[in-house]
Structures are given as structure tokens and as C-alpha cells.
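Colleague: Read top to bottom, the protein sequences are chains A and B.
Quick note, my numbering runs 3 ahead of the 1-based positions in the first sequence.
Quick note, my numbering runs 11 ahead of the 1-based positions in the second sequence.
Read the hints as simulated data drawn from the structure, not as lab findings.
Since we're looking at a predicted model, the values are computed, not measured.
Please note: incorrect hints may appear among the correct ones.
To be verified - A few chain B residues facing chain A, derived, Cβ under 7 Å:
1) Gln-27
2) Met-29
3) Lys-30
4) Cys-31
5) Gly-32
6) Phe-33
7) Phe-36
8) Lys-45
9) Glu-47
10) Thr-48
11) Leu-57
12) Glu-71
13) Met-72
14) Pro-90
15) Ser-91
For each residue, glycine too, the CB sits at the ideal point set by N, CA and C.
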Amino acid sequence: MLKESLVSEFQKIVGKENVLTTPEALKAYSYDGTTSWIHEPDCVVFPKTTQEISEIMKIANAEKIPVTPRGGGTNVSGGSVPWLGGVVLCTTKMNTILKIDKENLTATVEPGVVLQDLTLKLAKEGLFFPPDPQSFLGATLGGIIAENAGGPACVKYGVTKQYILGLEVVFPDGRIANFGGRTLKNVVGYDLLHIFVSSEGTLGVITKAELKLNPIPPAKKTIMAVYAEIAMAGESVFRVLENGVIPGKIELLDNWVINRIEEMMPMGLPKDADAVLLFECDGIPEAVEKETEKIVEITKKYGATDVRVAKDVDEANKYWMARKAGFAAVFGKAPTVMAEDVTVPRGKIPEFIKRCRDLSKKYDVEMCILGHAGDGNLHPAILSDIKNKDLYERALKAMDGIIEGAVEFGGVLSGEHGIGLEKQKFFRRTMDPVAVDLMMKIKALLDPNNIMNPGKIWD
Amino acid sequence: MKDLKELKKIEKFADQCMKCGFCSFFCPVYQEEKVETAVARGKNYLIKLALKGEQEFTEEMADIIGKCLLCKRCAANCPSKTQIDRVVVGARAQMVKDKGLGFIKDFAFRKVMSNRKAFGRYVKLAKAFQWMLPKTEGNIRHLPDFLKALGQGRHIPNLAKTFLRDMVKPVYKPVNGEKPKMRVGFFMGCATDFVYPELGLKLIDFLTKRGIEVVVPESQNCCGAAIYFSGDFETGRMLAEENIKAFEGVDYVVTACGTCSSTLKDYQKYLPDNEDQQKRYEAFEKKIKDSTEFVIDVMKIPPEDFKLRKEFEGKTATWHDPCHLIRYQNIKEQPRAILKALKGLKYVEMPNADMCCGMGGSFSVYHYDLTKKIADKKMDGIKATGADIVVTACPGCMINLIDNALRNKMTQKVYHFLELVE
Ligand SMILES: Cc1cc2nc3c(=O)[nH]c(=O)nc-3n(C[C@H](O)[C@H](O)[C@H](O)COP(=O)(O)OP(=O)(O)OC[C@H]3O[C@@H](n4cnc5c(N)ncnc54)[C@H](O)[C@@H]3O)c2cc1C
Ligand code: SF4
Ligand code: SF4
Ligand code: SF4
Numbered sequence: 004m005l006k007e008s009l010v011s012e013f014q015k016i017v018g019k020e021n022v023l024t025t026p027e028a029l030k031a032y033s034y035d036g037t038t039s040w041i042h043e044p045d046c047v048v049f050p051k052t053t054q055e056i057s058e059i060m061k062i063a064n065a066e067k068i069p070v071t072p073r074g075g076g077t078n079v080s081g082g083s084v085p086w087l088g089g090v091v092l093c094t095t096k097m098n099t100i101l102k103i104d105k106e107n108l109t110a111t112v113e114p115g116v117v118l119q120d121l122t123l124k125l126a127k128e129g130l131f132f133p134p135d136p137q138s139f140l141g142a143t144l145g146g147i148i149a150e151n152a153g154g155p156a157c158v159k160y161g162v163t164k165q166y167i168l169g170l171e172v173v174f175p176d177g178r179i180a181n182f183g184g185r186t187l188k189n190v191v192g193y194d195l196l197h198i199f200v201s202s203e204g205t206l207g208v209i210t211k212a213e214l215k216l217n218p219i220p221p222a223k224k225t226i227m228a229v230y231a232e233i234a235m236a237g238e239s240v241f242r243v244l245e246n247g248v249i250p251g252k253i254e255l256l257d258n259w260v261i262n263r264i265e266e267m268m269p270m271g272l273p274k275d276a277d278a279v280l281l282f283e284c285d286g287i288p289e290a291v292e293k294e295t296e297k298i299v300e301i302t303k304k305y306g307a308t309d310v311r312v313a314k315d316v317d318e319a320n321k322y323w324m325a326r327k328a329g330f331a332a333v334f335g336k337a338p339t340v341m342a343e344d345v346t347v348p349r350g351k352i353p354e355f356i357k358r359c360r361d362l363s364k365k366y367d368v369e370m371c372i373l374g375h376a377g378d379g380n381l382h383p384a385i386l387s388d389i390k391n392k393d394l395y396e397r398a399l400k401a402m403d404g405i406i407e408g409a410v411e412f413g414g415v416l417s418g419e420h421g422i423g424l425e426k427q428k429f430f431r432r433t434m435d436p437v438a439v440d441l442m443m444k445i446k447a448l449l450d451p452n453n454i455m456n457p458g459k460i461w462d
Numbered sequence: 012m013k014d015l016k017e018l019k020k021i022e023k024f025a026d027q028c029m030k031c032g033f034c035s036f037f038c039p040v041y042q043e044e045k046v047e048t049a050v051a052r053g054k055n056y057l058i059k060l061a062l063k064g065e066q067e068f069t070e071e072m073a074d075i076i077g078k079c080l081l082c083k084r085c086a087a088n089c090p091s092k093t094q095i096d097r098v099v100v101g102a103r104a105q106m107v108k109d110k111g112l113g114f115i116k117d118f119a120f121r122k123v124m125s126n127r128k129a130f131g132r133y134v135k136l137a138k139a140f141q142w143m144l145p146k147t148e149g150n151i152r153h154l155p156d157f158l159k160a161l162g163q164g165r166h167i168p169n170l171a172k173t174f175l176r177d178m179v180k181p182v183y184k185p186v187n188g189e190k191p192k193m194r195v196g197f198f199m200g201c202a203t204d205f206v207y208p209e210l211g212l213k214l215i216d217f218l219t220k221r222g223i224e225v226v227v228p229e230s231q232n233c234c235g236a237a238i239y240f241s242g243d244f245e246t247g248r249m250l251a252e253e254n255i256k257a258f259e260g261v262d263y264v265v266t267a268c269g270t271c272s273s274t275l276k277d278y279q280k281y282l283p284d285n286e287d288q289q290k291r292y293e294a295f296e297k298k299i300k301d302s303t304e305f306v307i308d309v310m311k312i313p314p315e316d317f318k319l320r321k322e323f324e325g326k327t328a329t330w331h332d333p334c335h336l337i338r339y340q341n342i343k344e345q346p347r348a349i350l351k352a353l354k355g356l357k358y359v360e361m362p363n364a365d366m367c368c369g370m371g372g373s374f375s376v377y378h379y380d381l382t383k384k385i386a387d388k389k390m391d392g393i394k395a396t397g398a399d400i401v402v403t404a405c406p407g408c409m410i411n412l413i414d415n416a417l418r419n420k421m422t423q424k425v426y427h428f429l430e431l432v433e
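Produce the complete structure using the sequences and hints provided.
Modeller: Next up, the structure:
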């Protein structure tokens, strides 16, 4: 428990109404988007300025109290769960878009800005921020940067780290530092900026960010390719790319997911299909037309039984709604869902999918696959129930198998969700020991008292 | 083990939530408060703990589950279809069951009465009433929550000069004297009865002119929204039984209040305690039609057949979707179709047309500060359209829109869609 006197010090800094300590509030800050990680903080603090965060950190550092930064709490790795108690430092009230610079295609934001709010505001200026985690309705820029999030658009546009030009960060000792700037190019010294991208809140608190933007492409088209065999869908992904077409998005849904979506919101997806791929092309209209034709041609050549080009925005939206609902369809179906986040080199997608299906049979667990196939980032999900010991054990084994498989095929154990609590036990197994050693040293240097989101990443 | 009957009923809805956090974007309350206990995910989580016996119904809990507009915006956009409105109402019902009605109400009223700002609102409201109503006298006999609270602190201003129930006849035959096409019951509801009686007369007139027989049973009671939404299922059930009985033998029951129509339709969701009730309430639901849906879907009047009243010619109008129409009853296109087709009227869509105005029935009594903030966003949307008039179909929304338009010194006037047409 936190000392009373500390609570009142925090209250002095941020105001009484911005410190929560009731048992109900603490419970409401004990979880994130995962199903199996829960731990209550001792208090929740809502700062409004960088200065306030700096003062909070000074106190926490002196008293050696854990501080867990939190944005929207939508991560699915246990990242914002205050595993060792202490303070949850929630940025949701720091949510101002400070500047949109059309000339330089940049935006300056506070960490608590929700991605969708930014997207809507940018759209009015004809701009967009390409990283698109599918949690855009709840995820904040702070969380997105701390997790180096990405979504369907990564095939073509890359992930968050490619769009961060500058950061303001508060260190555990309260120092405020600025990294990077507002220029596209920057080779002044070591690239410290990117240590904070995907740091999962373990090195400091991101308090401001300079984002790189793109103009919104004038045309878009959605294509759905239907497959009788999921591995063929996997093959189509790299066939399309190797033929010189880089669509904005390539997403995969398997038969199980298709059918759950159809149960939830019937929209005429092919229920018999073993899998479908959704493509979106974007760019100037002529190019989009040509790319669409090419995708239709290639997917047909490589085994698609049916290829539909959405005739209008409504139909396209329907398909993307389905993709968005995919996650919900899975999570709503079992008490405990283990959603994997492995990423394999694209050429290995078919083999990897086959491995998943074998594991599902071997351990007799229900498993489905959906994901951002375009970048090899797949989310095989195992349906389980933590209360059913036998089933849970089998599910854990299958999950191990998935991760081992991914690593064996030259992939990584997390594509976008991060390590947090969820992937700790695999961390050292799949990471170069020298790299781990270096990371530990950086952590010790920046956070000698280990107060920043302790209990995460390292096992 | 405690009897968690009411919570058990909503367990399956609560279990739907996968904690994705999408609802935070849509919840008007969270958008202002930015804390997890305000959003559907947080409320749902705490209620699930209550189900497991790990969370008591403390005053803090009462406050948390009270701070919900029941606007259903979270549910409509929830990828897992978590029906948080039902979860919240179920939790309130359990609380009433465990602690008695007094716990919630007393607590709420204590808060209101000790809150000068909230108190000020009633004075304002009273002004708003005077502004839009003829001079009145007499006493209010029965009112929804917000007006009841108004009465606690000061002498209640009189509303309509004569209440609708004192003006209406039990039966209205079609004006053309022909055999009626159908027999329709008119459900008044408090707001139409006491504040906007002319709306009721208008609706009766509209229907009888088109060959419909309208009956207005004297024994009809309040729809019960404010009552069963705050968890008092017992009184709710009593009202349901009375209303169902009052409307036996009609083809449809029509109302001019979006809240009333949705409340009557939803008896079957909340109130049944046994299978017989379930069946009867479901049968009742099928008869209920909101005026906006009745004229288009049942009477099948083509939108272009509606005639604009003279005084609105040349005006620009925008439509506010009452939560109880758009999300509770899926009524979205019908009123728009009419407004767009009305010759002489220009229609503009407002940004955030479907966002709650902040009223939320008794919510605005207990959380007036929040209501104002939420309504300000609504007002921004209205201002952005440049419209002269705001049209809607729920007297509850009208009262709140008028209050906030006045507060924001706006020129826009608020009307019920029935007031626009001949
Ligand atoms: C339905 C669903 C779909 C998803 N889809 C995707 C997807 O497509 N791609 C993807 O990449 N992810 C996805 N995610 C995961 C998640 O949404 C992302 O990781 C997101 O970036 C988290 O943002 P947040 O604001 O919710 O952060 P939180 O969950 O609050 O925090 C995440 C991590 O960031 C840290 N953090 C938060 N704010 C700060 C800060 N200001 N400074 C320092 N550290 C901070 C926290 O300590 C924590 O470790 C999905 C999640 C859900 C539930
Ligand atoms: S209520 Fe729905 S939208 Fe909100 S967190 Fe739960 S599943 Fe997500
Ligand atoms: S019903 Fe409305 S106010 Fe209540 S949680 Fe949902 S969105 Fe928020
Ligand atoms: S909706 Fe409100 S005003 Fe209308 S009858 Fe129901 S409680 Fe009374």
C-alpha cells in the first residue's frame, strides 16, 4: 500500500480529482485487453502536463514506487497492468493535438490523444498517420509508440517507428529529454529516439511526440479473394508482392473466423471457404485500377476459387467491418483466449499455417487464424478456459508450439503486441543473449531503481 | 450465498465483453471524464466482480453505475455486442433488491440537493418551460424524474394549462366517417401529457384524418422509463401490467415520445419474471410503434406526401436522433426521409446526429454538469449546420435541447417532427 502522505503529495501536483484511490477505481485499472493478467495499482494519477509527470516521477523514484504508464489500456500483452502495484500514470487527460503542420506533413501530439481522434482531425486536412492498429478507437499515441504498434497498412506503409520524428520523454528521475526533431532526416549522434519506440513503458514516460504524416491517397479499392485451402491464401500473399504489386493492406481470415462473423453480423461472406484474403489498393486512381486487375489475375492464378472486387464504398466497408469484427468474434467465444502475435517471413506463411493446424490437432484445441498476412504477422488464436486445467495446459503447449514454429521459420515472437507479461517466458529463448545483456544495461542506466513498469519484458 | 437473481439475468451479456476498449470512443460520459469507471468496459468489469461476490454495492458503485446515460452508443458499436445498457439496468435492479429503492434515490437526491449548480438548472428549466408554454396554473400530478426533482426544491411552475388527459375523448372516429382502417391506441406519456399536449392532439388529428380510429384509454399510466431504468422493476412491472391491460384490443399503440415507445417495447427485456409474463410482454412489444415509424412503416405514407406547415417554409432543418429511436428501435431513416422530402424545407445533417443530447432521463438531474458538457458538443454540431430549426421526436430531448440552446445563446428553435407537418 501507498503511504497516505504520498497520495496527498500526488494530489498537490495534479489536483485532488486527478488521483483515484477508491477500491472500485483501482479495480478498474487492474486490467488491459488481455484475459489472464490482472493486478491492482495502489493509486491512479492523471497528469495534465509534462512538468506534473516530472514531479510525480521524482517522488516515485525517491520512494522506489513502481510507475506503470497507461494510455487506453488496450494492449494485449499485459503491458499496462501494474504488476507490482504502485502508481498507474494514466495519460488520457493529456489528449491535445498540439499542431498539424501541413507544409511539413507533421503533427505534434500529447501522449493521450486517441488515434481515431487524430485520424478524424487529419482527414479534414487531407492527411493521415499510416500506422493503424485495429484498436484505433481506444489506443492512444503514447501506447502506440510504446508498443510500436501497426496494423493492416503496414505491408505498404511500415510500422509506427517509421513515423516518429521526435519524442519528449520524462525519465524515472524526473529529467525531461527531447530526442529527434521535426525533420525527416536526422543523423546527429546515436538514434536514441527509437529506444523508446517499443520500450513498453519500461524506460520513461512519453509526454509528447512529433509524427510524420502522409497525404490521403485519392483512390482506394477493396478485393476479396476466396480460397478452398488456407495455405493457398498464404501463398497468394507473397505471389502478389513478388509480382510487383504492393497493396495497402492484405488481411487473412480463416473459415472459423468467417463463420463467427457471419453468426454475429451476416454479410454474405463465403461460409464454406477455408480462408479469405482481403486486399486494399490505394494511390492515384489509374494505379489503383491497374493494381486491382493485377491482384485479381494473380490470386486467380494461384488458387483463389472466387475473387470479388467491391463495387462501392459500402461493400468495401462491409468487408473491413468484418475484418475488424474478427477479433471480437474470437474473443467472445471462449473464457480465455490466447491470441498469438507471431510474425514469420512472408514466404513461410503457408508452411507456418500448416504447422498451426497440426498443433491444433495434436493438442486437441480449437484454433483459428486471422492476421495481417501482408507482413507475415499472424494471430493464431487458441480458445481455452483458464478454469479448465487440462484444456488450459494443452492450450499452453500448443501456444509454445506456435512460437517455436515461428522462430524455426525465421520469425519473431511478437509482431506488434510486445512482450509485456504475456511473452516473458519466451523472451530469452528467442533473443540473442548479447542483445538481452545490452538491453538490461540500458534499462539499468535509465532506470536504476527499476520503477518504470517493473515486472515486464524481463522474466 | 447472496441472492443475485437480477445480476444472474444479465450475466450472459456481461460475459460478452472482451475488454477491447472500443466503447471508450463512443461513450459520451467517458469522453468527458476520461476515467475507466465511466466507460462500458469498466462498469461491466465491476459488475462482473459483483456477480462473483468480489465487489459490494458500495456508494461508489452506485455512483459508477448511476453515471450512465443508457444511450447505448457503446453497445451499438461494440464488436462483441456487449449490451452494457442491460448490464447496467440489471445491476441497478440488483441494488434496489438488496438495498431498497431508497439507497439509490436518497443518495442521488442528497447529491442533487447539495449541489447548487444542479439546483440552478431547475430554475433554468422552469424558465425554459415558461418561455415555450402558455401561462399555466394547477398542480403537476405525475412527472418523470427530472421534474420530480425540480419540485423538491421550489414551487413547481405549472406546465400546460390543461393537461392532455383532461382534453382527450376516449375514442376518435375517422373524420371521413368511413369504417376505420385500423384501431390504434394513443399512449400519451408524461411529457406529451403535461408539457406538450398539443403534440398529442396533433397526432390524433393526423391519424383520424387518414381513416384511423384512435382510442385513448383513461387507465394508461406512465411508461415507466425513469422507474425501471433506475432498477425499480417491481413498480415497473405494475405499470407494464396496467398499460398492457389498458391497450387490449387495439391493432397498434402509437406514441409521440421516443422514450415512451422504446420503453413500452422493452418491457419484455427487463421486467418479466416468469414465462407467461415474458410471452405477454413480447406480444405487447409487437404492437408498439413510435409515431415516426408508424406513419412510414405501417401507414406507408410516401415521404413526399407529407406537407410542410406554412410557418416553416424556407427554413433549414437538422435532425437530432434520440437514443431511444435510433439505437433502441433502429429508427433512423424514417424521419430523415420525411424531412428530406418536405417541400419548402432544406435539410442538413448535423455532425454527431446520433450522439446523446446528455439528458439520459434522470441522469441530467444527478449529473447536470456532465449533461451540460455533453450537450455543448451536441450544440456545436447544431451550430455547424447553420440550421434554423432542430427537429426531433422525443419530448425529453426537446426539453434538454431547448435548455442548452438557450444556455448557449443560440437562435435555433426545437420542434417535434409532428409540429412540422400538416
Ligand atoms: C481489438 C484489439 C485490436 C488490436 N489490434 C492491434 C493491431 O492491429 N496492431 C497492434 O500493434 N496492436 C493492436 N492491439 C494492441 C494495442 O491496441 C496496442 O498495443 C496499442 O498500441 C496500445 O495502446 P494503448 O494506448 O491502449 O496503450 P496501453 O495499453 O495503455 O499501454 C501499452 C503499453 O504502453 C505503455 N505506455 C502507454 N502510454 C505510455 C506513455 N505515454 N509513455 C510510455 N509508455 C506508455 C504502457 O506502459 C504499456 O506497456 C489491439 C488490441 C485490441 C484490444
Ligand atoms: S463493452 Fe464492447 S466495446 Fe467495450 S470493451 Fe467490452 S467488448 Fe469492447
Ligand atoms: S450507455 Fe451510453 S453512457 Fe452508458 S456506458 Fe454506454 S455509451 Fe456510456
Ligand atoms: S418517457 Fe418519460 S415522460 Fe414519457 S411516460 Fe415515460 S417517464 Fe413519463
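Colleague: State for each hint whether it applies.
Modeller: Results for each hint:
Annotation: interface hint on Gln-27 (chain B) holds; nearest CB of chain A at approximately 6 Å, less than 7 Å. Because the beta carbon of Met-29 (chain B) sits about 3 Å from the nearest beta carbon in chain A, less than 7 Å, this interface hint is met. Evaluation of the Lys-30 (chain B) hint against chain A yields a held restraint, the C-beta minimum of about 5 Å falling below 7 Å. With a least beta-carbon distance of about 6 Å to chain A, the hint placing Cys-31 (chain B) at the interface is held under the 7 Å criterion.
The beta carbon of Gly-32 (chain B) comes within 3 Å of a beta carbon in chain A, closer than 7 Å, and the hint placing it at the interface holds. Because the beta carbon of Phe-33 (chain B) sits about 4 Å from the nearest beta carbon in chain A, less than 7 Å, this interface hint is met. Here the hint on Phe-36 (chain B) is kept, as its CB sits about 4 Å from the closest CB of chain A, short of 7 Å. With a cut of 7 Å, the hint placing Lys-45 (chain B) at the interface with chain A holds, because the nearest CB-to-CB distance is about 4 Å.
The interface hint given for Glu-47 (chain B) holds, since its Cβ lies 4 Å from the closest Cβ of chain A, which is under the 7 Å cut-off. Look at Thr-48 (chain B): its Cβ gets to within about 5 Å of chain A, closer than 7 Å, so that hint holds up. About 6 Å separates the beta-carbon of Leu-57 (chain B) from the nearest beta-carbon of chain A, less than 7 Å, and the hint is met. The restraint placing Glu-71 (chain B) at the interface with chain A holds, with a minimum CB-CB distance near 5 Å, inside the 7 Å limit.
Against a cut-off of 7 Å between C-beta atoms, the interface hint on Met-72 (chain B) holds, since the closest Cβ of chain A lies about 6 Å away. The beta carbon of Pro-90 (chain B) is positioned within 7 Å of a beta carbon in chain A (closest approach about 3 Å), and the interface hint is therefore held. About 4 Å separates the beta-carbon of Ser-91 (chain B) from the nearest beta-carbon of chain A, less than 7 Å, and the hint is met.
Violation of the numbered hints given earlier is absent; every hint is satisfied by the structure.
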